[in-house]
Amino acid sequence: MKYLDIEALRLSRGDFDLRLSLSLDRGQTGVIVGPSGCGKTSLLRCIAGLEHPQEGRISVNGIDISNLAPEKRNLGFVFQDLALFDHLDGRGNLEFGLKLAGVDKARRRKVCETLAKTLRITPLLDRKPATMSGGEKQRLAFARALATKPGILLLDEPLSSLDAPLRKELRRYLRTMLQQESITALHVTHDVDEALDLGDRLFIMNKGRLVAEGSPSEILANPPDAWCVNFLSLGLLLPLDRQPSFKPQPIYNSTPYGKFSSPGKVSLPKDDNALENVFYFIPPRAIIDSSTQKFASVQADGERDFLAGKVESITERNGLCHIRLSLTRNAKENEAEKVLEPNAAAGISMSALVGEAPFIEFDTQARPNLVEGAPGYLKIAPEACALLPGLAPPTSAI
Amino acid sequence: MIKELQRTPKSGLPRPPRLAGGARLKGPGSRRPLAAYLVVALTLYPSLAFAASVLLGGAGGAAEAWHELILALKAPSTLASLRFSLLQAAISTILALIVGFPGAYFVAKYKFKARRFFLSLAAVPFCLPPILVILSFILYYGKNGWFSAALSTIGLVRGPGGFLYSFGGLVFIHAFYNFPIVIQNLGSVWSRMPASREEAARTLGAGPFTAFLHGTLPYLMPALLQAASLIFLFCFFSFTIVLVFGGMSGSTLEVGIYRALRFTQDPAKALALALLQTLTALGAVWAFSHFDGRATQSKGFGVVPERKKPNLTAGIFIFLYTTTIVIFFLGPLASLVIEAFTVRSSMAGKAVFGLDNFKRLIVGTGSSALGSPLLVALTQSLLLSGTAALFASLLGLIVAAGRPRAWISALPLALSPAIISAGWGGAFRLRPEIIILIGQTAIAWPFVARSLEAAMHSLDKSKNEAARTLGASPRQALLRVDLPAMAPSVASASAFSFSLTMGDANIPLIVGGSRETLPLLLYRLTSSYRFSEACAVGIILAAFTSIAFFLKEGRGEIS
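Chains W and U, in that order, give the protein sequences.
Just so we're aligned: the first sequence equals residues 540 to 937 in the working numbering.
Just so we're aligned: the second sequence equals residues 61 to 619 in the working numbering.
Be a bit skeptical, because a hint or two may be false.
As the list claims (entries may be wrong) - What follows is a set of in silico ranges between Cβ atoms, one per label pair, in the way DEER data are often shown: (1) W/SER551 with U/PHE269: 26 to 32 Å; (2) W/GLU590 with U/LEU372: 18 to 24 Å; (3) U/LEU380 with W/GLN719: 54 to 60 Å.
Worth flagging that the hints you see were computed from the coordinates, not collected in a lab.
Just so it is clear, CB atoms sit at the ideal spot from N, CA and C, and this is done for glycine as well.
The whole structure should be built from the sequences, with the hints applied where relevant.
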């Protein structure tokens, strides 16, 4: 049995419907990431007892807490707005839970001092929240949630109110503290970088369902569907304009922007109907060469496995060149003109503006042999690509 | 969310938002408070002139005048008045809070049919003149009132008819007159409050009650105290209601001032009472300004929980509460309307539905005192109050534009209208109509100033700046962007000041004179127990005083 175990949870409210199962090992940090309105905060609130799911069982350390009042669940919750008590000073906030637990004054003081020292907030103890900066409030809220030694720490986008540099600093702080104190934590965010940075395990949610879970590296290497690729900005997605043929080998995958060989990974559902929305996924790491002219080898290869377009920009930063290439359509396919619209239901948009060509962005360490504003060609290694469904079925079917 | 927080309150007394530490949000334009201070000074002047005339102008010289003042201050009747004023205002305020608190909670937390009705009630204390409230409460709770009759029909003891004229009756009327302020001011703050602090307390081990105590109550406190200090101020200055109902149990300072000026010709006594009144009221005005600023400060930005549909228990409580309000508060108002259209041939005669009450008022009954009273009173009222409202709007606009410190524009709220009128009369020997005009202007402009100040603060500064970047001069930006945005607020503030002046019986009663106004006619008809005709006048008066209310309703501001 896992440390945190959520089984067959169901929370329905009007149009909204949350159904999932999820579990987490002791000492791990799980990060729930998903677009706004996907139900990630509701999930956290269900665990805390602030929402009442219609079905399901939640247990922490083997103890079923599903039917307990929030104050009996022994968990820490850091709210998005931090929810500090403005009428109490730092110490009052920190001691709040201890006082309610009946801890005597001397002991409270000691716990408070120790915790403040560990979390480096001793100067905040005698100040009211109104006099604290955003980062200071943040640390205090975090400390307050930890004071009662909760079985699990729930963090509801606590960093979202901070500006970028401070957010980065506090993210580092949070990661250090969670590891140092080996706290089991569930962190909710819509910030993909934050999720990849903080999580031992990632849970990706969409529309009330868990769509992917795994370690960050697993998910980055094997995104389950085009929706995840798009949400996590993992690379280029090209819709197939023809059903992929599975014979003869190798598979030819025809897209409006070129043809590609059999990819390294095909994760399509067995259900044939689902093939209508199939995407050829090209991650930046699949780019093995770039040139201002067509590759000689391409011609021999039957015009496959390359991307053609215009180099929009080359920007250098920290020794890396960041290149953005907007794709041009395959000239020979013009007569076909049948471009499959991206799966609207999956919420995938190929480009920000209607009519704008899709683009691919990637980094290279060496100065590339491309020229800004000139045509550019990229050689693709099909082994690093994947054939993905638009929207995979939820991982935890209920 | 931000928009939600910045929305100005819809009650008759909107408040300028303030930043932490007392720093005020800057609207477009800079502060030019000179004209504003001048207006405030003009309002303060007659009171000072009155004090000076008492202290310096006495027949026996200054020393004797001082001696008389000290004697008047020490007199047991003075202290009794002070004690009575404080006590009735405090108990009325507590009662109003008790009656209003559940309403504020329901309005903030639940979706239900009567929600809009409760919010609309907020206009009542401002748009319904006290004299109308008096009349309707007599009709309903009096010896032959509907409420008493209903009690005896269902077999209960016949209603205690004298109750209204006791201390209990006075605070009862005050509480039911002012509780909508609690619903409005507390309810609006409560409904914008994020749930997260209460939830944080729960996750830290607090039960629902402790969570409310730490997560919600501290944040409600400023709004609660703001409403309380406003209601205290209203009840403390209550004049007409005390004049009619308080007679047996005691008299407020304001009624004492009126008696000293009109009947016992004792200016030293009037000054002594006024001094005590103003000193106390200054405390309440300070508290009001202080908590007013704090109540609007945004606290936290967490998600505000959506209003729920009430479950069975909550539904029952909402139903009971609504029923209570309808029986105790709406009942009197309904009886006023019905009585106005009820024609009785004699005191015990059969009642028929008709317009005879109105007819009799228009034609007159032949008695010399009330020749053809209604049209005369109506014309006089419209003329006087219309002019006063116009002046009040202008002065209010000047003060609001000058943006003086909040407590300065609230200062006139601590002055006795009776003394202001006496001051003008004494200093310049003006005709009574002019004194009434000036007095009514003086009581109305602070309200206009406050509501316009709030409207100015809620003006979107970036729109003015956008106009500037698009090539508008400061004047053009003001004329084309800010003023059109302000126009509805100016209109409703003017209508509101018209409600105040039109319904005011206080100043005409104090000043005296031969001019008849609607509230005066109403007062006289009520005092001579001609209730049916009084109600007919009341309906006409209400039609005018509620213009501000309907303006706001029509614009959907009350929701």
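These are the hints, each one checked on the structure:
Between W/SER551 and U/PHE269 the beta carbons are some 30 Å apart, a value that agrees with the proposed interval 26 to 32 Å. Judged by the Cβ atoms, the range 18 to 24 Å given for W/GLU590 and U/LEU372 holds: they are separated by roughly 20 Å. Restraint check, U/LEU380 to W/GLN719: a C-beta distance of roughly 55 Å satisfies the suggested window 54 to 60 Å.
Going through the hint list in order, the structure satisfies each hint without exception.
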